[in-house]
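Protein chains in written order, with the numbering used here: chain A, 1 to 108; chain B, 1001 to 1552.
The set of hints was computed from the structure by calculation and includes no laboratory data. The C-beta atom is built at its ideal place from N, Cα and C for all residues, glycine as well. It is possible that part of the hints are untrue.
As the list claims (entries may be wrong) - Calculated lysine to aspartate or glutamate pairs in the DMTMM-like style (CA-CA distance at most 20 angstroms, straight line):
{"hint": "1", "chain 1": "A", "residue 1": "Lys52", "chain 2": "B", "residue 2": "Glu1480"}
{"hint": "2", "chain 1": "B", "residue 1": "Lys1099", "chain 2": "A", "residue 2": "Asp64"}
{"hint": "3", "chain 1": "A", "residue 1": "Lys6", "chain 2": "B", "residue 2": "Asp1476"}
{"hint": "4", "chain 1": "A", "residue 1": "Lys59", "chain 2": "B", "residue 2": "Asp1476"}
{"hint": "5", "chain 1": "B", "residue 1": "Lys1099", "chain 2": "A", "residue 2": "Glu85"}
{"hint": "6", "chain 1": "A", "residue 1": "Lys6", "chain 2": "B", "residue 2": "Glu1024"}
{"hint": "7", "chain 1": "A", "residue 1": "Lys52", "chain 2": "B", "residue 2": "Glu1138"}
{"hint": "8", "chain 1": "B", "residue 1": "Lys1077", "chain 2": "A", "residue 2": "Asp61"}
{"hint": "9", "chain 1": "B", "residue 1": "Lys1478", "chain 2": "A", "residue 2": "Glu18"}
{"hint": "10", "chain 1": "B", "residue 1": "Lys1331", "chain 2": "B", "residue 2": "Glu1033"}
{"hint": "11", "chain 1": "B", "residue 1": "Lys1246", "chain 2": "B", "residue 2": "Glu1257"}
{"hint": "12", "chain 1": "A", "residue 1": "Lys59", "chain 2": "B", "residue 2": "Asp1176"}
{"hint": "13", "chain 1": "A", "residue 1": "Lys59", "chain 2": "B", "residue 2": "Glu1033"}
{"hint": "14", "chain 1": "B", "residue 1": "Lys1099", "chain 2": "A", "residue 2": "Asp61"}
{"hint": "15", "chain 1": "B", "residue 1": "Lys1438", "chain 2": "A", "residue 2": "Asp95"}
{"hint": "16", "chain 1": "B", "residue 1": "Lys1477", "chain 2": "A", "residue 2": "Glu85"}
{"hint": "17", "chain 1": "B", "residue 1": "Lys1434", "chain 2": "A", "residue 2": "Asp8"}
{"hint": "18", "chain 1": "B", "residue 1": "Lys1478", "chain 2": "A", "residue 2": "Asp95"}
As the list claims (entries may be wrong) - The following label-pair restraints were derived from C-beta to C-beta distances:
{"hint": "19", "chain 1": "A", "residue 1": "Ser93", "chain 2": "B", "residue 2": "Arg1397", "range": "20 to 30 angstroms"}
{"hint": "20", "chain 1": "A", "residue 1": "Met51", "chain 2": "B", "residue 2": "Ala1034", "range": "38 to 48 angstroms"}
{"hint": "21", "chain 1": "A", "residue 1": "Ile56", "chain 2": "B", "residue 2": "Asp1005", "range": "41 to 51 angstroms"}
{"hint": "22", "chain 1": "B", "residue 1": "Glu1509", "chain 2": "A", "residue 2": "Asp95", "range": "46 to 56 angstroms"}
{"hint": "23", "chain 1": "A", "residue 1": "Arg17", "chain 2": "B", "residue 2": "Gln1365", "range": "55 to 65 angstroms"}
{"hint": "24", "chain 1": "B", "residue 1": "Asp1450", "chain 2": "A", "residue 2": "Met51", "range": "56 to 66 angstroms"}
{"hint": "25", "chain 1": "B", "residue 1": "Leu1041", "chain 2": "A", "residue 2": "Asn60", "range": "18 to 28 angstroms"}
{"hint": "26", "chain 1": "B", "residue 1": "Lys1246", "chain 2": "A", "residue 2": "His82", "range": "17 to 27 angstroms"}
{"hint": "27", "chain 1": "A", "residue 1": "Asn98", "chain 2": "B", "residue 2": "Thr1300", "range": "26 to 36 angstroms"}
Residue-level listing of the chains:
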Amino acid sequence: MAKKIKGDQIFTGQLLREGLVVYFTADENWSTDLQQAVVATSDDELTELEMKIESISHKNDVIDVYPFVVVRDEKGKLVPQHIRERIRTEGPSIDYINQPFKQNMNAA
Amino acid sequence: MYVYDDFDEKFVRERAAQFRDQVERRLSGQLEEAQFRPLRLMNGVYLQLHAYMLRVAVPYGTLSSRQLRQLSMIASKYDKGYGHFTTRQNIQFNWPQLKDIPDILDDLADVGMHAIQTSGNCIRNVTSDQWSGVAADEVADPRPYAELMRQWSSLHPEFSYLPRKFKIAITGAVSDRAAIAFHDIGLQLLKNSDGEIGFRVLVGGGLGRTPMVAKQIRDFISFDDLLPYLVAILRAYNIEGRRDNKYKARIKILVHEKGIDDFRARVDDIFEGLDKEKLRAPKGEIERISKFFELPAYETLEENSPELAEARAANASFNAFVNRNVATHKKPGYSIVNISLKPIGGIPGDATSSQMDVVADLADQYSFGEIRVSHEQNLVLAHVKQSDLFTLWQRLREAELETANIGAITDMITCPGLDYCTLATARSIPIAQKISEKFADQSRQDLIGDLKIKISGCINACGHHHAGHIGILGLDKKGEEYYQITLGGSGDENAAVGDILGPGFSADEVAGAVDVLVDRYIELRESKSESFLDVVKRVGLEPFKEALYADH
């Protein structure tokens, strides 16, 4: 069961194969773009989303699924309320090496 | 360096093949996540904040140049081009993809490496002094004993499902550079009055949410009895350690609750009942292992190299590097070179693929092809001729690895914190970076002298903050990061847990607070040789509290 916490919430998880952070979308898919996430504005909507995620055929592709609280900034964009989720969404806050994966480059 | 025998080679290959099969079954949906998770953890694969993380074991912190090049290749091919050296002398890759990890494990197996027992409730990588074998103050080289314990503890059937993880550290020197008193078992090599090698045994040390300095359980145990005695300690723990509460499951809690005398009696009781002969290392095994750790073919050299003296006189930056990063070697004319992975404003413990390649090349050229990893997240070339130091330093400088700060205020232990870790409550790395930048000036660092800052991003204390002369613990207060400061901790032979100074600080305030503490120390010290830690011991916390909270 989703934890009942106040505020608008979205579901997040990580792709099984790659580990990348993703968000549950209105078209019952997963996107790496937070802005594509479907927002639950009540506990009932949150429960409904959770049931949808449980029922979709590709649920095996995403792991460690949980909801977190989001707010909208002055431009109307979704922003995680807590710093943990902000860092998880935006990547490490430090100037780390963000070299593209050679594997992926080869595949492309 | 130790080279795998057929048994090691076979079991590492078999485990890699098993994990390949497990990953395939997971990806195809035959295994569910709940089934797969313990399997991936047994192979060092964690799920972190942004991606998977793979922790690779570096036994007692010793690497060959070939192994380091392979780690570099793995970082470059499967990750983002860097690796992170940890406080357990291991390396972590922060971005591997699950689909690639079976290939990574095969690549590791090609150079005698793996990720087994880098997670889970088992005996973890045995750690040791990064100067093993070459330190001037060493009684005996701990590496053969560390290797023996690696073999003994690998896939040990009795100890593969302990109440909680179990960490062993060993040192052969008087100065403890392996933090043995903060391990579940700490071993110090000694010689008795007959010249026989044995071990002082400490038990029940640890950091985390309940920091404890280990207690002495034996003042001397002979080599013959080492493995049986370890079995007795671990058996006592395996039977009596708590399994009902994860936070009270480490051996330190058992030793604390029973008291060291009762625990010793329990261990002795088990020890006496053991078939010791059966549990001892096979006859001749330690001699066989020791052959792999024989010191390299050093040249006979003068005690002091004239080339070194000339280069030091001619180049102030090089001289600063020698003063800070080069240590006395037990062989005349040789030096121990410590390579700092703490550039000013950089990410503590990170090395790029190209830096790893450079260090591997330098090891081949100047240090018999061997590299060490320290628990303070730096690298070591243990056998460098003094006459090669200047050339080596120039090569390090080209790779941005010449930072002259070993043991100084900017040489901080720092956990990955909330930038990577799912357990973290606050960021560690940006705090370290701000402190590093504040104290960037070399002459100020020299003025301050030895000062160990250690930073953790949560109470699990992977950044060893309890053992920091200045410890910094990042916490979450209603969604905001704040940082608690402790003073007076130490991870050496006079191990101590630091005391909390007072109310915490915001992320923006921490570096300034450290600055205030350092200024107060400079005012309080009676001479330049009185270290920060000495002053804290002499005057206590009050003068530092006054300085810190006067305007807060």
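So if I understand the rule, the pair passes when the alpha-carbon distance is 20 angstroms or less; does Lys1478 (chain B) with Asp95 (chain A) pass? The given pair, whose Cα atoms are some 26 angstroms apart, is violated under the 20 angstroms limit.
CB of Leu1041 (chain B) to CB of Asn60 (chain A), is that within 18 to 28 angstroms? holds, 19 angstroms
Tell me if the straight-line CA distance from Lys59 (chain A) to Asp1476 (chain B) falls inside 20 angstroms. violated, 32 angstroms
Taking the Cβ atom of Ser93 (chain A) and the Cβ atom of Arg1397 (chain B), is their distance within the range 20 to 30 angstroms? holds, 29 angstroms
Quick check: does the Cβ-Cβ distance between Asn98 (chain A) and Thr1300 (chain B) fall within 26 to 36 angstroms? violated, 49 angstroms
Given the hint of 46 to 56 angstroms, is the C-beta distance from Glu1509 (chain B) to Asp95 (chain A) inside that range or not? For Asp95 (chain A) against Glu1509 (chain B), whose Cβ atoms are near 22 angstroms apart, the range 46 to 56 angstroms is violated.
Pair hint Lys59 (chain A) and Asp1176 (chain B), alpha-carbon separation not exceeding 20 angstroms: violated, 51 angstroms
Does the Cβ pair Met51 (chain A), Ala1034 (chain B) satisfy 38 to 48 angstroms? For Met51 (chain A) and Ala1034 (chain B) the Cβ distance comes to about 19 angstroms; the hint is violated.
Regarding the pair Lys6 (chain A) and Glu1024 (chain B), is the alpha-carbon distance no greater than 20 angstroms? It is violated: about 40 angstroms lies between the C-alpha atoms, which goes past 20 angstroms.
Given the hinted pair Lys1438 (chain B) and Asp95 (chain A), is their alpha-carbon gap at most 20 angstroms? holds, 18 angstroms
Given the hint that Lys52 (chain A) pairs with Glu1480 (chain B), does the C-alpha gap stay at or below 20 angstroms? violated, 33 angstroms
Given the hinted pair Lys1099 (chain B) and Glu85 (chain A), is their Cα-Cα distance within 20 angstroms? Violated. Lys1099 (chain B) to Glu85 (chain A) sits at ~25 angstroms, over the 20 angstroms cutoff.
Violated hints, in rising order: 1, 4, 5, 6, 7, 8, 9, 10, 12, 17, 18, 20, 22, 23, 27; the structure is consistent with all others.
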